[in-house]
Amino acid sequence: MTDVAAAQHAGNGGADQGLLLSVADVTKSFGEGEERQVCLENCSFSIARGELCTVIGPSGCGKSTLINLIAGYESPESGSITLEGSPVTGPGSDRLVVFQETTLFPWMTVYGNVVFGCKVKGRSPRETEEKARQILSKVGLYEFRDRYPSQLSGGMQRRTELARALINDPKLMILDEPFRGLDAMTKELMQEFYLKLFEETGLTTLFVTHELEEAIFMADTLVLLTHRPARVKEVLPIDLPRPRHFSMMASKKYFDLHSHAMELLVEEAKWAFGSEGVSEFDTVAGS
Amino acid sequence: MSSTTLKMKGPNVGGTVSTYVRNALSLKTLEGISTLIAFVALWQAVVALRVPYLSNLPYPGDVWRNFTDVAVTTGYWINWVDSIKRIFVSFIIAQVVGIPLGLFMGMSRPFKQMAFPVFELVRPIPPIAWIPLAILFWPTEELSIYALTFIGPFFVIVLNVMQGVTSIDQSFKRAALSLGAKPSDIFWKIMLPGALPSIVTGMTVGIGVAWNVLIAAEMIAGHTGLGRMTWEAYTNGNIPLIIVGMASIGLAGYLCSGLVRAVGQRCMPWQKRV
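Keeping their order, the protein sequence lines are chains D and X.
One point on numbering: in the numbering used here, the residue at position 130 of the first sequence is 1007, and numbering is uninterrupted.
One point on numbering: in the numbering used here, the residue at position 54 of the second sequence is 80, and numbering is uninterrupted.
The hints are simulated quantities; they were obtained by calculation from the structure and are not laboratory data.
Be aware that one or more of the hints could be misleading.
Derived BS3-like pairs: lysine-lysine, alpha-carbon spacing no greater than 25 Å straight-line [as the list claims (entries may be wrong)]:
| # | chain 1 | residue 1 | chain 2 | residue 2 |
| --- | --- | --- | --- | --- |
| 1 | D | K996 | X | K54 |
| 2 | X | K208 | D | K1048 |
| 3 | D | K998 | X | K138 |
Away from chain X, derived, C-beta distances all over 12 Å, residues of chain D [as the list claims (entries may be wrong)]:
| # | residue |
| --- | --- |
| 4 | D971 |
| 5 | E978 |
| 6 | E1088 |
Please read all numbers here as calculations on a predicted model, not as lab measurements.
Note that CB positions come from ideal geometry on N, CA and C, so glycine has one too.
So here's chain D without its partners, still in its complex pose (with noise of 0.2 Å):
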């Protein structure tokens, strides 16, 4: 752990109320004996209560382990999760994810997947029903709610998911690479979107990416992680101002931070890069 992610960490302990997710010292690993591959390593950072926190690191680093994590899929080897101080045991729509594939059920329309949580929590129908409509206007698909998830453009699809999410107000909305497979004006579209509903709500949301601009774009803490198994490299504060602009990208500001961020990452790329290609190429040259 580096000293701003100890720091970071040791001052945000349990009891602060402005804490809401902590993942302490966090260890998992996948296989038996010869075969165990460590995925993610003493792993540790927090997010306060109203922060947009990406997380990003080289790809096939751990990410989607991390978030199996916290959404309570997988439990770790050792560590702990805590949301608000009690520790995560399962799944529960206190955190909800967004996956980078999309899991709308293609035999639900768009109401129907929206409705989903609150109808198998057993809401009042009345009240599921206004709310629903208030969501779905709020993303615009108010018109598309009797269509089929196979009859929605990508980022009706993705706006459909965050809806069926919003509607069980979690505590930390949890965004996997979710404008991934998107034509980059519908991605930038869907960036501003989720800013705008952030800034809005201040929804406090866990952001995994691969992409570096997006993370700086979006975040207010940024959790870099190393090359497998994942460890927290640095924790960086985003200071940008908020409501946030596609023209802070040309700030000086946005310029330095991403030029920090990206040298680390290169340095975790090329570590990479070089623990696995030269191996190749020894097997490669002896044969």
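Assemble the complex: chain D is given as a structure, and chain X must be docked to it using the hints.
Chain X alone, transformed into the frame defined by chain D:
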């Protein structure tokens, strides 16, 4: 002003679309009819030219006359009714038993490990190979036919449903769990609709298999039905009637498959694209 344009646009667009569909349909029908005419012409030529090994084939006209003769008898239509009744009763029982079994085998690993080996040993036996046993075991020949027609689609549907359930994307289950779904919600709202495309595939293949087995069973153990009619035509040496029987079986199978497909599409509105 703008509302008028909109109003005019609505029916216009609909008109173009429906005209387009009608054109495509009539073209398709036209193609179908011309192929059919070509087939009958070829048939006529084959008989007229006394092509070796096909010289016993009757003229299409003979077959048609034979058809118009039997079509006015109630016996012919009773055969239709009997065959279709057997198909539907057996097919529906196969679905009612097979779909839950397939779902269960797909969802519960211990149950699958227990049941699957036996299932895999019995499945490769062609349904027709069950005929002797079925005739001996069931008190009436009618029941034997029902049992045989059940076996064919049964294995097909179980296998398809099981495969459908196991291939449902884990992420759907995870998403549902996160949103607060209980195990019963997972079953009814995720597993069942998720497996539906495979269920429909199993039904479509299954209805074809059911006809295969039914005809064989009727020929050997039946007293009525389209299969029996065809067999009796053979024992009487009535070749035109054999062909009438075969064509009737083909048509009946085609209608049944169409019905199953239509039901399937009805159940899966999300697979239709706008």
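We went through each hint and held it up to the structure:
1. With a CA separation close to 46 Å, the supplied pair K996 of chain D and K54 of chain X exceeds the 25 Å bound.
2. About 21 Å separates the Cα atoms of K208 of chain X and K1048 of chain D, which keeps this hinted pair within 25 Å; it holds.
3. A threshold of 25 Å between alpha carbons decides the hint, and for K998 of chain D with K138 of chain X the separation of about 31 Å lies outside it, so the pair is violated.
4. At roughly 9 Å from the closest C-beta of chain X, the C-beta of D971 of chain D falls inside 12 Å, breaking its exclusion from the interface.
5. Listed as outside the interface, E978 of chain D is inconsistent with that label: its C-beta sits roughly 7 Å from the nearest C-beta of chain X, within the 12 Å cut-off.
6. Every beta carbon of chain X lies more than 12 Å from that of E1088 of chain D, the smallest distance being close to 22 Å; the non-interface claim holds.
In this structure, the earlier hints numbered 1, 3, 4, 5 are contradicted, and the remaining ones agree with it.
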